[in-house]
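> Listed below, chain by chain, are the residues.
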Amino acid sequence: MKKSIISFSAMWVAAVAAAACMLPAAASDSRDGASIVTLQTPFSSDSLEFAQFREIIDGFEARNPGVRVELEADGPREHDGILRRILSRRPPDLLEIPLSELPELAVPVGVRDDGTQTGERMRKVKKMALAPVGDVFAGLRGSLFLSAIAAGQHEGVSYAIPFRASSTQLVYNPAVLTKAGYDARSPLLSSWNQLLITCAGIRRAMGGAYFPIGIDGAEGDSLARLAAMLVYQNHGRVIERKEADDGETEWTTPIDNEAGIKALDMMSKLAAFVPPEALGWSRGDLTNAFIDGRIALFYGDARAIGEIRSRAPALPIMAIQAPAHKASASYVDLYGVVMTPRGSEAGRKDVCDALLAYLCSQEAQAVVMKGGRSGTPVMAPVQRELLDDPWYEGHPEYRVFLEALWYPCPDVPNPGWAAVERRVLLPLLRRVMLLQTTPEAAARAAFMRGSQVLSTHYGYIGHISWTMRLGMGAVGVFLFLVIYFVIGHRPKHHAQ
Amino acid sequence: MSKGSRVRPTILLAVLAVLWVLPLSAVLCQVKATRGPHELPEGEAVKGIGRAAAITFGASLISATASCMVGTMAGYALSAKRFRGMKLLFGTLLGAMFMPPSILMVPLFRVTVGLGIHDTVAALALPACATAFSVVFMKAAIDRISPDVFQAARIDGLSEIGIFTKIVVPLVRGPMAALAIIEFIAGIGGLALPMAVIDGSRNRTLTLCLLDSLRTINPPPLASLMAILALIAIPAIVLFIAKPGDIISGMLAALFRYERVEQGE
Amino acid sequence: MHNEDLIFTPPAKPHFDPWAYAFVAPAVVLLAIFLLYPAGWMLLSSFQEHEALTGPSGFTDAAGYLSRLWSPRFWRAILNTIYFAGIYVPGSLAAGYVLAALINRSGRGRAWWRALFFVPVMLPAATAGLLWRWVYDPEAGLARRLTEMAGLEAVDWLNEARLALPSIAAACIWQSAGLVAAIISAAMWVQPREYDEMAELDGVRGLKRLIHVRLPLLRDPLLVSLIVLMINAQRVFGMILMTTEDGGPANWSTNLAFLVYRHGMKEFDFGAASAVATLLCFSIVLLVVLLRRRTVEGREA
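If you read the protein sequences in the order shown, they are chains H, W and S.
Per my numbering, the first sequence runs over residues 37 to 532.
Per my numbering, the second sequence runs over residues 3 to 267.
Per my numbering, the third sequence runs over residues 7 to 307.
If you are wondering where the hints come from, they were derived from the structure by calculation, not from laboratory data.
Built from N, CA and C at the ideal position, the CB exists for glycine as well.
Do not rely on the hints blindly, as some may be mistaken.
[Claimed, not checked] From the structure, some residues in chain W lie toward chain H, with a derived Cβ separation under 7 Å:
# : residue
1 : 115
2 : 201
3 : 202
4 : 226
Just need the whole structure built from these sequences, with the hints factored in.
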């Protein structure tokens, strides 16, 4: 018996020990008197963005001995994930987030855009998810792009420090354009029709089977952005809001209207100039095709340029802003750093403020501009004064990305645009370009998919009238009675 | 029954079986097929599969064996002993067994944050270390042991622990193994628990990897995800095929068994 | 079972048994932390105004409780739950019955057939969900290939509002038919044959025989299956999440369990989540009580 007790308890001890090994070591807030501040970025730990961020932080730590910044990777990108991170017991002090998610975080949870509270009950909200940071960069305000500052504000209060930006532009091989008879330094590409004409001209010059343009479609954002631009240029909208009769707000995607169909029509015309297999290409395949000369125009971002530069440094490339980019708010991805309530606690706030100010300084922004040690810039800085930096003499194709920030972001009716565009427009584009259905059918599909996405963010649903509600109640009661009386009684004991 | 009338149902069954298995087998075909146009881009969301697999299988292994042991102990007490509060306990367990997994997500989030184990592997293993299902399952299994056996054991002078280890456990080895398999399979494919307790991507399980890929990569590279799915589905099927009889009869017993306890009240 | 030759019988009355408590302790402790406390918190917080950030801030009254649930999305979820159950329960019962009847006739390989159809039951819900998402994929999925072979146009099963819920219900039927088949075939097998043979001799055939002879004999397992299926219908969550992440086109595949998740983990409205969860719990508990009553051995001999 003793043996069994011993073996029994040994099993339990082993199990508990195994479980205990998995418990995390308690993190202490300060070691050796150094104060530690945590910052989380959404980029993965093996990405260039993360490496460049690490470099910037190293510079900060060198300037401020006694301070350590722990940089965490793989942070959340969407507002519910960000909120969840903030709600966990040990949120990071600072978070780098895409600023398109800021409006959802800057208001108290449970409050809609129009100020009404979810649940239709008024509640007193005492805390906010983010701490205001306006006082940090009062001195720097003049040197940052206004659009960047505005993106970090909500209702006039600054919650985020803009840090770096990404955008997609048209990259082209000037040699091919010259061969086709266009002026390589500033080709006429200020409207979509001109882009189509240019593509046709390139095709004539290079031979009938040549497909001139490739679109970075692997991650989806470029395609979605492109389509959104087309919709806006046709004076359409991707999302619309209207008040229904019972006071409920209805969100719909009016993409099956005239403007949407026009946009899709343009897309299908553009599709004729995209290599048919290209939509399944990864970014690596696209850059290869561009370097090999199989495509002449490449709709891509700074990272793509960086890859081209690192693989084919001698290839002359230029970049211009895509036609009608100003009409869309989503052509620029701004990333900013927000401060959680934990970061604004006394004793941590000073360090956090200093770090936030440092992120906007010329020193840090220069790393963003030039790409730091890797030499491959992947984002544009938000410091306006860098526009005159002589570095751009040798890198004119990057200057375009910085210039994109000149244009103020138009009024964003709701911040879910980026997600909607990503999820609504991309599947629709795949139908247009890959499956070659008509624009009307594609628009219809986009409408259905759009309403699905909108139901995530904004609760679009069909109406349920009062009669239906009462009817359901009656059905429910009836079912319950049936269940109870028919099958709820104890069974009679069968004769065996 | 004549042989002739046995052939037709079998043929029909075979046709239905093909239909049933069709979705599953298609997964395997996808896995073998060449990596089509859905090549993963940077692969941010799907990297770290090795670590995720280790975490998934490790945590499920721990929680399956623990819940097996704990369930057997509690099931034995509920089955063979009469103690005050047993009816209440059993009723609670039976009710808890059927609860939708999404109901406990929010409270588990708060509990793991409060316990300080949020976003760790411990949070994946611990909550599943004792499940209501395991207790009910083992109780049903131990119910099948005739009470005479316990009488005889007590007459023989075995202690309580002795009865448990020498009589009960050997007799229910089959159901115990079946339960461990069931819990393990449920653990590796679990979704609600990892979603509730894990943020971020360091301690993800395989199902979280799948979910993240579905959300962030557009269009979802279903073909590639099937490969990860196979990592979950194939062990599940293989384990099930190992002991189908015990598993099925055990689950039926858990659901369907006439209770003996009522007689005494 | 009642052996009068025993020297002593265990006490029949429930009493304070320290050993019993010792054996039950680990389970109770763990369950109390991870099951009972959360459930209790949920019940309590459903009565409170609780935003995730601000913490509980006072109790609501009955009007507040109801108004929180009064959104159209909530009613859509209820409608969806009922609609889903309306397809899933009869479908699984029918499929399970057919499978059980076939299995029982198939001779030696009976156990293998039963195990084969039981495999989907064992698959975790998330795995099955992703599997069916692939099946229903309008471009590359199995359903597309089948409709192509039949010459029909491709249908987007999961994104069309009216098709989403039935598609998911079909997937769930695929999963549960094996369980129903196992339950019914086990009962069928021990059924006395005489009734069936007598009916055959009497000349009762086909449908009449089915309805009047066979089904009543199977009343118990059928009713148990019915209750289990109804409980399952309300629990479906993983399948919905993997097939339609945001609750379907215009919320058409949200059911109550999914709504709890939406409120709680996506919008962080803990109060609303708890309220819906409590409601769901009550309905499930009711069904469980019925299940218990059904499976308890009656005292009448």
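> Tell me the hint numbers this structure goes against, listed in increasing order.
4
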